[in-house]
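A.B. asks: Each chain, letter by letter, is given below.
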Amino acid sequence: MKTQVRAQLQIRDNPLKSAHGPADTPTQIRPDWYPDIWHVGIILACGAAFRFIYQMAYKPFWSGDSVNYSDVFYLWTHHIFVDAERTPGYPLFLGLVQWLADNAPMARGMGVRSQYLAVHLQCLLGLLAAVFIYFSLRALSVRPKLALAGGIGFALIGAVCFFEMLILSELLSLFSLILGILFFLRCMQEVMVLALRLSPC
Amino acid sequence: MVAVLSFMLVVLAVRCSYLPGMRGYARPLAKLALLIVVAAGPLVLSWMTMNLVHIGQFRINTYNGALRTETTYNMFNLVDAEDRVAGEMLWRSYLASNSNGQVKRDHVWDALDDLTQAWQRGLLPIPPFDWSRPENAHYPGQVVDLYDYLGHVSWKLAKKHPLLYLRNVLNNFASGTFDHNFTPPSPSEMQDPHAPEGGSVVRDKAFYTATVWINRIEIPLLTTAYVILLAYVVFSPLLLLSRKKDNLLRDGAVVAIAMGAFATILCTCAVAAYFPEHGVPFMGVLVICVVYTVSNAKRIVQFWKTPSARR
Numbered sequence: 001m002k003t004q005v006r007a008q009l010q011i012r013d014n015p016l017k018s019a020h021g022p023a024d025t026p027t028q029i030r031p032d033w034y035p036d037i038w039h040v041g042i043i044l045a046c047g048a049a050f051r052f053i054y055q056m057a058y059k060p061f062w063s064g065d066s067v068n069y070s071d072v073f074y075l076w077t078h079h080i081f082v083d084a085e086r087t088p089g090y091p092l093f094l095g096l097v098q099w100l101a102d103n104a105p106m107a108r109g110m111g112v113r114s115q116y117l118a119v120h121l122q123c124l125l126g127l128l129a130a131v132f133i134y135f136s137l138r139a140l141s142v143r144p145k146l147a148l149a150g151g152i153g154f155a156l157i158g159a160v161c162f163f164e165m166l167i168l169s170e171l172l173s174l175f176s177l178i179l180g181i182l183f184f185l186r187c188m189q190e191v192m193v194l195a196l197r198l199s200p201c
Numbered sequence: 001m002v003a004v005l006s007f008m009l010v011v012l013a014v015r016c017s018y019l020p021g022m023r024g025y026a027r028p029l030a031k032l033a034l035l036i037v038v039a040a041g042p043l044v045l046s047w048m049t050m051n052l053v054h055i056g057q058f059r060i061n062t063y064n065g066a067l068r069t070e071t072t073y074n075m076f077n078l079v080d081a082e083d084r085v086a087g088e089m090l091w092r093s094y095l096a097s098n099s100n101g102q103v104k105r106d107h108v109w110d111a112l113d114d115l116t117q118a119w120q121r122g123l124l125p126i127p128p129f130d131w132s133r134p135e136n137a138h139y140p141g142q143v144v145d146l147y148d149y150l151g152h153v154s155w156k157l158a159k160k161h162p163l164l165y166l167r168n169v170l171n172n173f174a175s176g177t178f179d180h181n182f183t184p185p186s187p188s189e190m191q192d193p194h195a196p197e198g199g200s201v202v203r204d205k206a207f208y209t210a211t212v213w214i215n216r217i218e219i220p221l222l223t224t225a226y227v228i229l230l231a232y233v234v235f236s237p238l239l240l241l242s243r244k245k246d247n248l249l250r251d252g253a254v255v256a257i258a259m260g261a262f263a264t265i266l267c268t269c270a271v272a273a274y275f276p277e278h279g280v281p282f283m284g285v286l287v288i289c290v291v292y293t294v295s296n297a298k299r300i301v302q303f304w305k306t307p308s309a310r311r
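Those protein sequence lines, which keep their order, are chains A and B.
Take the numbering used here: the last position of the first sequence gets the number 201, and nothing is skipped along the way.
Take the numbering used here: the last position of the second sequence gets the number 311, and nothing is skipped along the way.
Chain B on its own, in the form it takes in the complex:
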C-alpha cells in the first residue's frame, strides 16, 4: 500500500510538472511521496531487523513459505523427484479436501501433521528437527525451515508451470475478491470459534438472525462498491492523463488509494489464498471511492458525454 501510494504520488508529480500552471505542485508531491516512505519504512525495517537478530532472518514473517503452497494448491502431482515425499502428502490432502466442486486452497494445514512426521524421520531434504538448537530452546522455532521448504517447493512449481500458477492466481482473484459474504458461525458451533467462557459465541438468537439478514443485504452493496474501486483502477490512466487541472490532485489522491488497495489485494492473491476477511481492512477505501464517485457524478457524466473533456 505504502509503495503504491508513493509511486502514484511520483506519477502525479511528473504529470504536474508537464501541465502548465501545475508545476508548483510537483515538488511538494514528490516530497510527500518521500515522507510516506520515511514514515512507514522504519517500522517495517525495525521489525525485520529484530527478526534478523533473534532468528537470523531479515524478513517480515515466517509464515509466508507455508502460505505460498496455497497458490500452487492443485499442482503438487507435478513436483520434482527430490520433493516427491512432500508432494505426495500435499497431493493427498488436495484430493481429500477438493472434491465435488469444492475448492480448498489452504489444505497444507491438513497435511502438516504428516509433513512434520516425515521431517522428523529425515524423509524431507532439510536438516531434521533438533531440540538442542538454540531457536528451539523455548519454542519450536525451527518449524520455519519446514515452512520455507514448502514455500521453495511451491515457488519451483510456479516457475516450472507459470500458466497453471497464473490461472490459480486469477481464479483466486476472480472468485475470492468479489466475495463479500461474511456468514456468521452457526449457533451450534462450539469449537472454532468459541466464546471466552467456552461454548457458542451466539448470545441471543433473535439478534443473531438480524445479523444474518444484514449480511445477506449488504453482500451486493459491498460487491458494487468493490466494482467502483476497480473502475478507479481501470480508468486511472484517463483520470491522470486528462488535461483538466481543476480536480487533478483530488482525483489523483482517490486513484492512489484505490490503486494501493487493489495492488495489495492482487499481491495477496499472488502469494497466498485470498479469503473474504482479507478485504475487511479495505472497507474504508470502498466507502471513500463510492462517496467520491457520488460527489462527482455530474462531472463523471459530463466527462463521458463530451469527448473533448477526455483529452
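Extracted from the complex, chain A is given alone in its bound form:
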C-alpha cells in the first residue's frame, strides 16, 4: 500500500512519467537506489581517505576522563552498581570493545588492544554517521548531488576525525544523535505519506 502511495506521489511530482502508465512504475522506483549506493560509496571513500591522515598522525588518546568510563564497566563486571558519575552508553561500548578484543576489564585503565579497537570502531561510526547525514538530507528532499556534498562535507570534518581518536563519549553521542535524527526525519516522511493517503485526492 505504501509503495502504491509513493508511486502515486512520484507520478504527481513528475507528471511526464505518469504518461508511461502503471506498467513501468516498478522500474521508476527501483533505479532510485543506484545513485544512492554510488553516493554512499563516494562518501565512504572520501571519509576513509581523510581518516587515514588522523590514523597516521595519532595513536588512541587516553585522557584523565577516559578512566571514569572504563571504571564504570569494570565495577559492573564485579556487580557493583554504585558509580553513577557517567551515563551507561559509553561504558557499555567500552565493555563491548574489551569483549571483542578479548581483554579482561581492569581498574583505572583498559588493555592496549581494546584502546586501538575502540578507536577503529569509532572511525567506523564516524563514517556511518556521514552516510546517515546523506540519507537525512535525502529525507528532507535535498537534491541527491547536494546531499552527497553534505555527506562528504561531514565526512571531512577534522574535529569529528580528531574525536574518533579519543577514548571519550563524544563520538558515540554524535553517532546516536545522527541516528535519532535520521529516524525522526524518516518518520516525518511517513507522516507526509500518511496524511496524503488520508486526504481526498
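Hints in this document: simulated from the structure, not taken from any laboratory.
If you're wondering where the values come from, they're calculated on a predicted model, not measured in any experiment.
Note that CB positions come from ideal geometry on N, CA and C, so glycine has one too.
A portion of the hints provided could be inaccurate.
The calculated label-pair distances, taken between Cβ atoms and stated as ranges, are [said to hold, decoys possible]:
hint: 1; chain 1: B; residue 1: 183; chain 2: A; residue 2: 104; range: 31 to 37 Å
hint: 2; chain 1: B; residue 1: 42; chain 2: A; residue 2: 106; range: 28 to 34 Å
hint: 3; chain 1: B; residue 1: 129; chain 2: A; residue 2: 190; range: 50 to 56 Å
List time: in silico DSS-like cross-link candidates among lysine-lysine, alpha-carbon distance up to 30 Å [claimed, not checked]:
hint: 4; chain 1: B; residue 1: 244; chain 2: A; residue 2: 145
hint: 5; chain 1: B; residue 1: 245; chain 2: B; residue 2: 31
hint: 6; chain 1: B; residue 1: 305; chain 2: B; residue 2: 244
hint: 7; chain 1: A; residue 1: 145; chain 2: B; residue 2: 305
hint: 8; chain 1: B; residue 1: 245; chain 2: B; residue 2: 305
hint: 9; chain 1: B; residue 1: 245; chain 2: A; residue 2: 145
hint: 10; chain 1: B; residue 1: 159; chain 2: B; residue 2: 104
hint: 11; chain 1: A; residue 1: 145; chain 2: B; residue 2: 298
Given chain A, put chain B in place with the hints provided.
C.D. replies: Frame of chain A; chain B shown alone:
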C-alpha cells in the same frame, strides 16, 4: 533534545490544525511527538530506576552537583556563613586559576583535595565520610554527598545573585559555544592524554602538522555553520507561522532539530561550563542546517524580497 523535538512537533501539529488543507497532518504529528517520548523515555527512566535501587537516588548522574559550581565559579566569596569553609577553598582555587584574563570555570577539581580533607575532618555541614556505610563497601560512593553539597551551595548562590549567575551563563554561551577550536595536544604532552603504550599520542609529525592546519582552516567554517543553526532558531517563529504550506513540514523538521541542539547547548551552559568538545555531537545538525539552507537558497531569498511571502 527529545523534549524539544516533541514540543516542536506539538507546535507544528497545532499550526497544521489551523491551516486549511493541512489538518490531516495534525494527528500524525501529535502521534509522532508521543512516539519520540515513548521511545526515549524508558531508556532514561530505567537508568534512573537502576540508580534508585543501587544508590537510593532517582537521578541520571551523580556528577551534576560538582559541575554546577562551574556556573557560579567566580561567586564563592559571596557564600552564606554556614558554607564559609567550602566557599573559602573554592574562592582560593578561583583566584589561583583565573588570573591575567584567563577564565577557568572548572577550578572545583583543583580544590577537590582540600574539600575532601575538610569533609573528612568534619568541617563541612554534611555527614562525614564513613567507610562502613554500604555504598562505600567497594567504591567511595558517598562522594556523591560532597558533590551534591557543592551543587547546593552553587544553587543557593545562583538564587541569591541571579544577575551574576545569568551573566556567567551568557558569558559562557557567548565565549564557549562559538569556539570551534580543537587544537591537537602538543607532541611533548606525555600525561593527559597519553598513548595506550604510554608516551605521546603523536605518531607522525608531518601528519600531525596537517591536522593542525585542518583545524585552523575549519574553525571559521564551523562557526559560520553554527551561526546558520542559530538563524534557524531566531527565525523559527517566521518559518512556523508562515501561511506558505508547501514546505512547512520540512522547514518544521529542520527548525525542530536546530531548536533541539540549541536548547541542549543552552541548558549545558546553565548547569555547567560549556567546552568546545560539548559541540561535537551537534556537528551533524550543523551540516544538515547548512545543506538545507543551500538547497532552499532561492526560496529564502524570495522570502526576504517579497513582503507578502512572510505573512
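A.B. asks: Next step is simple, just say for each hint if it's right about the structure.
C.D. replies: Cross-check of the supplied hints:
Our hint of 31 to 37 Å for residue 183 of chain B and residue 104 of chain A holds, since their Cβ atoms are close to 35 Å apart. One distance hint, 28 to 34 Å for the beta-carbon pair residue 42 of chain B and residue 106 of chain A, holds here, with the actual separation near 32 Å. Judged by the Cβ atoms, the range 50 to 56 Å given for residue 129 of chain B and residue 190 of chain A holds: they are separated by roughly 54 Å. Restraint check for residue 244 of chain B and residue 145 of chain A: satisfied, since their Cα atoms lie roughly 26 Å apart, inside the 30 Å limit.
Of the pairs offered as hints, the one joining residue 245 of chain B and residue 31 of chain B holds, with about 20 Å between alpha carbons and a cut-off of 30 Å not exceeded. This hinted pair checks out: residue 305 of chain B and residue 244 of chain B have alpha carbons roughly 15 Å apart, not beyond 30 Å. Only pairs whose Cα atoms come within 30 Å are accepted, and residue 145 of chain A paired with residue 305 of chain B is accepted, the gap being roughly 27 Å. Between the alpha carbons of residue 245 of chain B and residue 305 of chain B the distance comes to roughly 18 Å, so the proposed pair stays at or under 30 Å and holds.
Straight-line distance between C-alpha atoms of residue 245 of chain B and residue 145 of chain A comes to about 26 Å, which keeps the hinted pair within the 30 Å bound. Note on residue 159 of chain B and residue 104 of chain B: the hinted pairing holds, with a Cα-Cα distance of about 22 Å set against a maximum of 30 Å. A hinted pair counts as satisfied when its Cα atoms are at most 30 Å apart, and residue 145 of chain A with residue 298 of chain B qualifies at roughly 17 Å.
Against the hints set out earlier in the document, no violation occurs for any number.
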